Amino acid sequence: MLAQVQSCAVIGLDAEPVQVEIDIASGLEKVTLVGLPDAAVRESSERVRAAVSNSGYFFPQHRLTVNLAPADLRKEGPAYDLPIAVGILAAARQIPHELNGALIVGELGLDGEVRPINGALSMAGMARRRGIKELFVPAVNAPEAALVEGVDVYPVARLTELVGHFTGANPIEPFENTLRFDHEEESIFPVDFRDVKGQESVKRALEIACAGAHNCLMSGPPGAGKTLLARALPSILPRLTLTEALDITRIYSVAGVLGEGESLVKMRPFRAPHHTISHAGLVGGGRWPRPGEISLAHRGVLFLDGLQKHGRPAHSLPCAPDNPYSFHYPQGFSYARSAHAPL
87 MLAQVQSCAV IGLDAEPVQV EIDIASGLEK VTLVGLPDAA VRESSERVRA
137 AVSNSGYFFP QHRLTVNLAP ADLRKEGPAY DLPIAVGILA AARQIPHELN
187 GALIVGELGL DGEVRPINGA LSMAGMARRR GIKELFVPAV NAPEAALVEG
237 VDVYPVARLT ELVGHFTGAN PIEPFENTLR FDHEEESIFP VDFRDVKGQE
287 SVKRALEIAC AGAHNCLMSG PPGAGKTLLA RALPSILPRL TLTEALDITR
337 IYSVAGVLGE GESLVKMRPF RAPHHTISHA GLVGGGRWPR PGEISLAHRG
387 VLFLDGLQKH GRPAHSLPCA PDNPYSFHYP QGFSYARSAH APL
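Using my numbering, you'd call the opening residue of the sequence shown number 87 and step up by one each time.
Note that these hints are calculated values from the structure, not bench results.
Computed from a predicted model, the values in this text were never measured in an experiment.
Take the hints with a grain of salt, since some may be wrong.
[Unchecked claim] EDC-like mimics (lysine to aspartate or glutamate), calculated; alpha carbons at most 16 angstroms apart, straight line: (1) K116 with E132; (2) K283 with E293; (3) K219 with E199; (4) K219 with E259; (5) K289 with D278.
[Claimed, not checked] Label-pair ranges, simulated between beta-carbon atoms: (6) L265 with A126: 29 to 39 angstroms; (7) K116 with P276: 52 to 62 angstroms; (8) D109 with T329: 35 to 45 angstroms; (9) G392 with D109: 57 to 67 angstroms; (10) G298 with Q105: 47 to 57 angstroms; (11) G195 with R373: 20 to 30 angstroms; (12) Q105 with G309: 54 to 64 angstroms; (13) G195 with P260: 15 to 25 angstroms; (14) G392 with G298: 20 to 30 angstroms; (15) R214 with P276: 28 to 38 angstroms; (16) L114 with H360: 45 to 55 angstroms; (17) L303 with A125: 42 to 52 angstroms; (18) N263 with E293: 31 to 41 angstroms.
Even for Gly, the Cβ is constructed at its ideal location relative to N, Cα and C.
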């Protein structure tokens with residue numbers, strides 16, 4: 087018995103389609119997961135088994151083969167739990183075999199709860215590009231995914247809800263996006279430029295830097311107000327447009343730093359990493375690449391306080407070589423630095 091479910095993998099800031107194939111064959115009970123999975127994906131078999139059983143469904147006592155295609159694309163994270171569970175139930179004929187080409191993503195708890203994932207906005211964008219009309223995501227991620235027009239987003243809180251939808255017993259209603267983005271609305275900044283008293287010449291220089299998208303270096307003794315002025319820079323930058331807000335939100339979602347209950351970033355980011363930050367933490371990368379601080383500062387301000395303390399990663403930012411085997415993350419930001427000068 088064979089079943090197929092559509093899912094996707096987040097690569098960089100974009101998502102690529104992944105076909106989850108489930109085959110149930112006679113033999114001793116065993117779950118074999120293939121398709122270049124990482125540790126989190128390999129562990130999904132135990133989560134899925136417990137979630138299916140604890141939700142009141144029968145987990146097949148046969149040999150199960152789960153294939154994540156294409157096989158040469160690395161699969162990361164727990165977002166495949168839900169499509170694997172649905173595929174197993176479909177292959178076991180506990181839900182209709184035909185899933186109408188829906189795209190399904192989500193992590194499962196042992197009790198069948200569907201937990202949030204990273205990159206929901208990128209996944210919704212991929213669904214629209216591929217002409218997929220139905221996207222099933224964790225209920226927490228629904229407001230974020232619904233920002234993409236042209237795709238019906240269905241919030242799923244538990245495995246039983248999704249099974250009820252496909253059996254027709256209890257259909258899930260598409261999430262209605264009620265968020266309105268008004269770039270003219272008044273924003274409240276932690277530090278507002280107009281509240282900074284004095285330092286008129288420095289403020290004038292910073293205004294020119296922001297107006298022309300120039301980088302800047304502030305030098306002065308400790309306590310002169312360099313950090314305060316830098317933190318106030320986002321308040322004099324132009325208000326975000328919807329396109330810019332979606333760009334920032336997509337980066338924050340993939341990086342897993344989108345605030346709880348926040349579906350859209352509405353203010354320009356301000357990032358001030360500690361001087362002990364690594365090269366990968368600053369420019370992005372790692373064994374499995376993730377956005378760094380310069381990407382998280384996209385459309386906003388990156389501030390390096392006490393430039394003398396920052397090591398080679400900060401000083402060699404413009405000198406990073408291009409590599410054909412690399413991911414490209416957005417890096418459009420205002421670069422502000424401060425250096426301590428003797429009294």
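Do the hints match the structure? See the list:
1. K116 with E132: Answer holds: K116 to E132 is near 11 angstroms, not above 16 angstroms.
2. K283 with E293: It holds: about 15 angstroms lies between the C-alpha atoms, which stays within 16 angstroms.
3. K219 with E199: The given pair, whose Cα atoms are some 24 angstroms apart, is violated under the 16 angstroms limit.
4. K219 with E259: holds, 14 angstroms
5. K289 with D278: holds, 12 angstroms
6. L265 with A126: 29 to 39 angstroms: holds, 30 angstroms
7. K116 with P276: 52 to 62 angstroms: holds, 54 angstroms
8. D109 with T329: 35 to 45 angstroms: Roughly 43 angstroms apart at Cβ, these two residues keep to the hinted range, so it holds.
9. G392 with D109: 57 to 67 angstroms: This hint holds: roughly 58 angstroms between Cβ atoms.
10. G298 with Q105: 47 to 57 angstroms: Since the Cβ atoms of G298 and Q105 sit about 49 angstroms apart, the hinted range of 47 to 57 angstroms holds.
11. G195 with R373: 20 to 30 angstroms: holds, 27 angstroms
12. Q105 with G309: 54 to 64 angstroms: 60 angstroms Cβ-Cβ, so the 54 to 64 angstroms window holds.
13. G195 with P260: 15 to 25 angstroms: holds, 24 angstroms
14. G392 with G298: 20 to 30 angstroms: For G392 and G298 the Cβ distance comes to about 25 angstroms; the hint holds.
15. R214 with P276: 28 to 38 angstroms: Taking Cβ atoms as reference, R214 and P276 lie about 35 angstroms apart, which means the hint holds.
16. L114 with H360: 45 to 55 angstroms: Between L114 and H360, where Cβ atoms are some 53 angstroms apart, the hint holds.
17. L303 with A125: 42 to 52 angstroms: holds, 43 angstroms
18. N263 with E293: 31 to 41 angstroms: With a Cβ separation near 36 angstroms, N263 and E293 satisfy 31 to 41 angstroms, so the hint holds.
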